[in-house]
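K.L.:
Sequence lines, in order, name chains A and B. Counting in this note's numbering, the final residue of the first sequence is number 661, and the numbers go up one at a time with none missing. Counting in this note's numbering, the final residue of the second sequence is number 1213, and the numbers go up one at a time with none missing.
I should point out that these hints are in silico values taken from the structure, not numbers from a laboratory. Ideal Cβ placement from N, Cα and C applies to all residues, glycine included. Certain hints may be false.
Computed spacing ranges between beta-carbons, pair by pair [to be verified]:
(1) D627/A with P1114/B: 44 to 52 Å
(2) A26/A with G1059/B: 58 to 66 Å
(3) G1011/B with L633/A: 42 to 50 Å
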Amino acid sequence: MILFACCLATFLLGALAALLPRSYRAASAIGAGASVLGCLLGLIPAARALVEPQGWALTLAWPPPFGLGSFAIDGVSAMFLVPALALIGLAAVYGRGYLADQEGRRRAGPPWFFYNILAAAITGVFTARDPLLLLLCWEAMALSSYFLICLEDADGAVRRAGRIYLVASNLGAAFLLVLCLLPGAAWPPVLGAADAGLASSLGGMTPVAIPAGAIFLLALVGFGSKAGLAPLGVWLPEAHPAAPSHVSAVLSGVMIKTGVYGILRVLLALPPQPWWGWTLLTLGGATAVLGVAGALGQSELKRLLAWSSMENAGLMLLGLGLGALGRAFDEPVVAALGFGAALVHMVNHGVFKSLLFLGAGSVLHATGERRMDRLGGVLGRMPVTGATFLAAALGICGLPPLGGFASELVLGLCALKGLLLPQPGLDIPSLAALAALILCAGMAAAAFSGAFGVVFLGAPRGETAQHAHESPRAMRAPMLILAALVPLLGILAPLVLRAALRALAPAIPGAEALGAPTVEALTTATLVFGLLFALLGGLLLLRRALLRGRDVRTGPTWDCGYAAPTARIQYTYSSFTQPLAEMFHALTGPTGVLTRPWGLFPARAGHVAESEDRMLNGFLALFGFIDAKLEALHRLQQGQVHVYVLYIAATLVALLAWGLW
Amino acid sequence: MLSLVELILVGLVLTNLVLLGTSRIGLCIRMVAFQGVGLALLPLLGLEALSPEPLVISGATALLKGWIFPLLLFRSLESAHVRAEVEPYVGYSNSLLFGVAALAVSVWLGGRVPVPGPGVPSLLTPVAFFTILVGLFVIVTRRKAVSQVVGYLVLENGIFAFGAVALRKAQLLVEMGILLDVFVAVFVMGIAIFRINREFDHIDADRLASLKE
Chain A
1 MILFACCLAT FLLGALAALL PRSYRAASAI GAGASVLGCL LGLIPAARAL VEPQGWALTL
61 AWPPPFGLGS FAIDGVSAMF LVPALALIGL AAVYGRGYLA DQEGRRRAGP PWFFYNILAA
121 AITGVFTARD PLLLLLCWEA MALSSYFLIC LEDADGAVRR AGRIYLVASN LGAAFLLVLC
181 LLPGAAWPPV LGAADAGLAS SLGGMTPVAI PAGAIFLLAL VGFGSKAGLA PLGVWLPEAH
241 PAAPSHVSAV LSGVMIKTGV YGILRVLLAL PPQPWWGWTL LTLGGATAVL GVAGALGQSE
301 LKRLLAWSSM ENAGLMLLGL GLGALGRAFD EPVVAALGFG AALVHMVNHG VFKSLLFLGA
361 GSVLHATGER RMDRLGGVLG RMPVTGATFL AAALGICGLP PLGGFASELV LGLCALKGLL
421 LPQPGLDIPS LAALAALILC AGMAAAAFSG AFGVVFLGAP RGETAQHAHE SPRAMRAPML
481 ILAALVPLLG ILAPLVLRAA LRALAPAIPG AEALGAPTVE ALTTATLVFG LLFALLGGLL
541 LLRRALLRGR DVRTGPTWDC GYAAPTARIQ YTYSSFTQPL AEMFHALTGP TGVLTRPWGL
601 FPARAGHVAE SEDRMLNGFL ALFGFIDAKL EALHRLQQGQ VHVYVLYIAA TLVALLAWGL
661 W
Chain B
1001 MLSLVELILV GLVLTNLVLL GTSRIGLCIR MVAFQGVGLA LLPLLGLEAL SPEPLVISGA
1061 TALLKGWIFP LLLFRSLESA HVRAEVEPYV GYSNSLLFGV AALAVSVWLG GRVPVPGPGV
1121 PSLLTPVAFF TILVGLFVIV TRRKAVSQVV GYLVLENGIF AFGAVALRKA QLLVEMGILL
1181 DVFVAVFVMG IAIFRINREF DHIDADRLAS LKE
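Input sequences plus hints: build the corresponding full structure.
P.N.:
Now the structure itself:
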């Protein structure tokens, strides 16, 4: 508890201290150091809460209105907090190296100030126990991340992305505001603070009785907008690529999980209706498919990763939807496994997605090139980045025995369980979830094999890719640690799932026992794949042993007679994914403008591939429409003090007359 | 005693009507000063025993409302070299008509509000409300920034009248708050007028619309 207070204090003091020094190096050392230290301090109580399910609480001596001002960590908080703090700390180390070349161009204080505020705010969101405190942390998180996204504010595209993020984030927060400020009612119990102290702090206010469905919808929109739920997640593909890469890693690996956290809290605290589950499954499935279809149509690496984050958020929502259905139909096995799958996938996605963003940032740092089709052959020039990116890409494709496989397996097993139970109303949603999961896994594999192949393999397509160089050690070390975590999480998947089930046990009685067969299945799967890989390794060793002492020649593959191929005849990302992307034209918009070769001696031919963001365009059209309709109100804005006072006076008199009528 | 309070209240109504009907800024400022002195007497009336608190409040009010504010306003009027006319958007006779209508509305509203305590004249609520309405009206319809300050002062007089009579118990708290507010307001406005005049060569609030967006 005291450690947790120290963790928050370190973040806040570090934020202020980073602003003080004039020297760039000192400021970034203080800023990054405070982040790392704060994360280490926070990890201890968080990890302990993972083992001791009842957790602990910290109450501020200065309570805000409508609440107690208390933080607490229970199992669910800890499940989110442990990966969050670990990732924030690693990204801070990376960020110090990443921003080192900015010396002289801008001050180091502000980015590190906002980074530490973001770290404190995220920690607060995962642990706040009363509505106002949660709202406060939520807003601090939204604002500090906005400033981090807009770090490269000289670039117009970055400013535009920041604006989209700010609008989307405020729209979502508006729903949370309603949810948090509804006095009494059901919100405080959602956070687990339904005790006498809170009731007394609400004073004489009578709790408003709100239907649970309304609370769920408010939470779905409010938290869902942060989780990247379609169509509210429009900010995601814009903001993630615009941010500096270590910030993208935190945004994608940690911040979008706060949305999942909020929805999970509501689902655990209130008795869900079946339609909650159906809504979540529909939206989650749509988000996942849209996300992966969007990823196939991108041309920039970080943009692809952002769309893929949306896909993974969709998969987590699928898990939550299955869990909600399980609770609604009183099938605790499905409930425990659905929520558990969402939690395990949250942990895994946090690790490999932030690693992917760090890798993409490393490539960007070395080449200055965002477009995949200008890169190529980077693996030979940046072996560490390439290898770690490969590990993460394998993880996100859900290949055994890595972490992604384990979490998707749990989700699949949960859907199968729902399919096989005799409960009507559970079978078709489970089937749909299973179909969406499998579709997404396949398409993600296509997207990431394409991305890795185009960026890291083959021959360089341009000058920039040719002069790529490996990143400094400060950037390599966090990537290596994360890359080690990807297979480790696969091997330890049964433990992670067991921890998740233990965290869920207070809300779903007996979750641990119910999930035990699945934990065993995971253990078996890990063992089988372990044996398989041991066999493979053995065969490789055998091959080497057999070849020892013999003459082995290596040469280029037969090049079909092209003696001097150019780098431009390689597959590009858009050509690689074109057959798949074409299937989703309806979702991602028309992609190509084809200029056909013409005449006996054709001079020019080409194909330009673009994919449009239909969700964003829809929102822009909607906002334009509202703007046009509200133009008439401009007449009220006279710009004269007299008229404004008249408005005020007229309102006051009218209210008084109305009150006294 | 009650009759003396009522006398002051009637005086408040009459000065309000003069404010609406006159064209001279100087007269407006004098009327507000009269109102202030009259209001300063209110805390002293209806006291059982003489205690220092009402005396201090009364003295401070008289000093501020009767002397300092008019002095500041006259000074800013001089230093800004403005014509001594109010320059209204709404004509003087129409303003007077509004005054009569506002008085009627105030009496109607006052009848619906319960008298706030024993020993409070029934005239109080209508008059206070009328004064507030006149203050707002002056702010809205007069062109000069100085007359807007006058409007704010009248508005505040209305609130003060109500507070001084109705809230005898928690007087000090209410009054000090209000006095401070107004003092700051006049102070700021005085400076603002001076500045605006220097920068833009006029103090007509309607020509400050360039700040719109």
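K.L.:
Each of the hints needs a verdict: does it hold here or not?
P.N.:
Taking the hints in turn, this is what the structure says about them:
no.	hint	result
1	D627/A with P1114/B: 44 to 52 Å	48 Å, holds
2	A26/A with G1059/B: 58 to 66 Å	60 Å, holds
3	G1011/B with L633/A: 42 to 50 Å	44 Å, holds
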